[in-house]
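> Sequences listed follow chains A and B, in order.
Position 20 of the first sequence, counting from 1, maps to 19 under numbering that gives the first Met the number 0, and the rest follow consecutively.
Position 34 of the second sequence, counting from 1, maps to 33 under numbering that gives the first Met the number 0, and the rest follow consecutively.
I should point out that these hints are in silico values taken from the structure, not numbers from a laboratory.
A couple of the hints might just be wrong.
[Claimed, not checked] Example chain B residues on the side facing chain A (calculated, C-beta under 10 Å, incomplete): (1) Asp4; (2) Leu25; (3) Asp29; (4) Lys33; (5) Gly35; (6) Glu42; (7) Ile54; (8) Asn58; (9) Arg66; (10) Leu160.
[Unchecked claim] Computed cross-link-like contacts, BS3-like style, restricted to lysine-lysine with a CA-CA straight-line distance of at most 30 Å: (11) B:Lys162 x A:Lys24; (12) B:Lys130 x B:Lys162; (13) A:Lys33 x B:Lys57; (14) B:Lys99 x B:Lys67; (15) A:Lys24 x B:Lys57; (16) B:Lys67 x A:Lys36; (17) B:Lys57 x A:Lys36; (18) A:Lys24 x B:Lys130; (19) B:Lys67 x A:Lys24; (20) A:Lys36 x A:Lys24; (21) B:Lys67 x B:Lys57; (22) A:Lys33 x B:Lys99; (23) B:Lys130 x B:Lys57; (24) B:Lys99 x A:Lys36.
[What the hints assert, rightly or not] Covered, in the sense of this in silico footprint (three residues per stretch, anywhere, with C-beta under 8 Å from a C-beta of chain A), are these stretches of chain B: (25) 86 to 99; (26) 117 to 127.
The beta-carbon is built from N, C-alpha and C at its ideal position, and this holds for glycine as well.
The lines below spell out each chain.
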Amino acid sequence: MDKRFTPRSNEEMLAAVRAFQARQKVMYDRLDTKLGKEIYQEEMA
Amino acid sequence: MIALDISLLNLKSPYYVVQDADGDLLFETDYGVKYGISFELNEGMMNYPAYEFGILNKNGQPSPNDRKLRDTILAIIEEFFRANGGVLLYICATGDGMQKYRFHLFLRWFNTYEHRDLYEIRTVEDVMDDKTPNYGAIIVEKTHPDLELILARFDELAAFLKKPIV
Chain A
0 MDKRFTPRSN EEMLAAVRAF QARQKVMYDR LDTKLGKEIY QEEMA
Chain B
0 MIALDISLLN LKSPYYVVQD ADGDLLFETD YGVKYGISFE LNEGMMNYPA
50 YEFGILNKNG QPSPNDRKLR DTILAIIEEF FRANGGVLLY ICATGDGMQK
100 YRFHLFLRWF NTYEHRDLYE IRTVEDVMDD KTPNYGAIIV EKTHPDLELI
150 LARFDELAAF LKKPIV
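One chain only, chain A, in its complex shape:
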């Protein structure tokens, strides 16, 4: 990994933000699905 600070263009920043938002939606959808179930179900089985 390049550890020098190299400024990113607006296009690069925007692409990073949009990709982050898409991943975030997937993450929250996944958590929402899981929380709809009994949290300790697997633990108790």
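We have chain A; now place chain B onto it with these hints.
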């Protein structure tokens, strides 16, 4: 999947936390509110490896005075740093319009953490994306060898977010 010692976490956490096969953390409060927490590695947002910290309150019911909830979340963050080090990136989800409340509650709780002084925290608040206000923060240990670079990259991200995003 991040490394966490769930047994160690549960020694400190007031609420009993389970970790599922994906590495997500799940628990339920005394008031029946279900929480899910996830850490996902993201390199693009900061141009540096950072773990996105996600918290979902399934019931949508606020619990600002639940001290056990605060202590559970702080115990999870503490275990994250103990096991992984690194950078924690928290960008509030915006779907329910409660991001400002959630963000300030999180900051208030983190600022009461007994080891708060060990961490550098930077925030970005009230930046607009298509008329939606966004709130976020990074938390990184002050001893991190790349601290200066990480803060510079977060400042770059914050400066970008403060401009209208089109």
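> Could you run down the list of hints and mark each one as holding or not?
Status of the hints after comparison with the structure:
1. Asp4: This hint is violated: B:Asp4 lies away from chain A, its Cβ roughly 16 Å from the closest one there, beyond 10 Å.
2. Leu25: 5 Å, holds
3. Asp29: Violated: closest Cβ of chain A sits about 14 Å from B:Asp29, beyond 10 Å.
4. Lys33: 4 Å, holds
5. Gly35: 3 Å, holds
6. Glu42: Status holds, d = 8 Å.
7. Ile54: Cβ of B:Ile54 sits 9 Å from chain A, so the hint holds.
8. Asn58: 9 Å, holds
9. Arg66: 20 Å, violated
10. Leu160: 7 Å, holds
11. B:Lys162 x A:Lys24: Within the cut-off at roughly 23 Å; holds.
12. B:Lys130 x B:Lys162: 12 Å, holds
13. A:Lys33 x B:Lys57: 9 Å, holds
14. B:Lys99 x B:Lys67: Roughly 22 Å separates the two Cα atoms, so the pair holds.
15. A:Lys24 x B:Lys57: 14 Å, holds
16. B:Lys67 x A:Lys36: With a Cα-Cα distance of about 22 Å, the restraint between B:Lys67 and A:Lys36 holds, given a limit of 30 Å.
17. B:Lys57 x A:Lys36: It holds: about 11 Å lies between the C-alpha atoms, which stays within 30 Å.
18. A:Lys24 x B:Lys130: Measuring from Cα to Cα gives roughly 18 Å; hence the hint holds.
19. B:Lys67 x A:Lys24: With a Cα-Cα distance of about 27 Å, the restraint between B:Lys67 and A:Lys24 holds, given a limit of 30 Å.
20. A:Lys36 x A:Lys24: 19 Å, holds
21. B:Lys67 x B:Lys57: Holds, at roughly 17 Å.
22. A:Lys33 x B:Lys99: This hinted pair holds, its Cα atoms lying about 25 Å apart.
23. B:Lys130 x B:Lys57: Within the cut-off at roughly 25 Å; holds.
24. B:Lys99 x A:Lys36: 28 Å, holds
25. 86 to 99: Contact hint for the segment 86 to 99 of chain B vs chain A: holds, 3 residues under 8 Å.
26. 117 to 127: violated (count 0)
When the structure is compared with the earlier hints, violations turn up for hints 1, 3, 9 and 26 and for no others.
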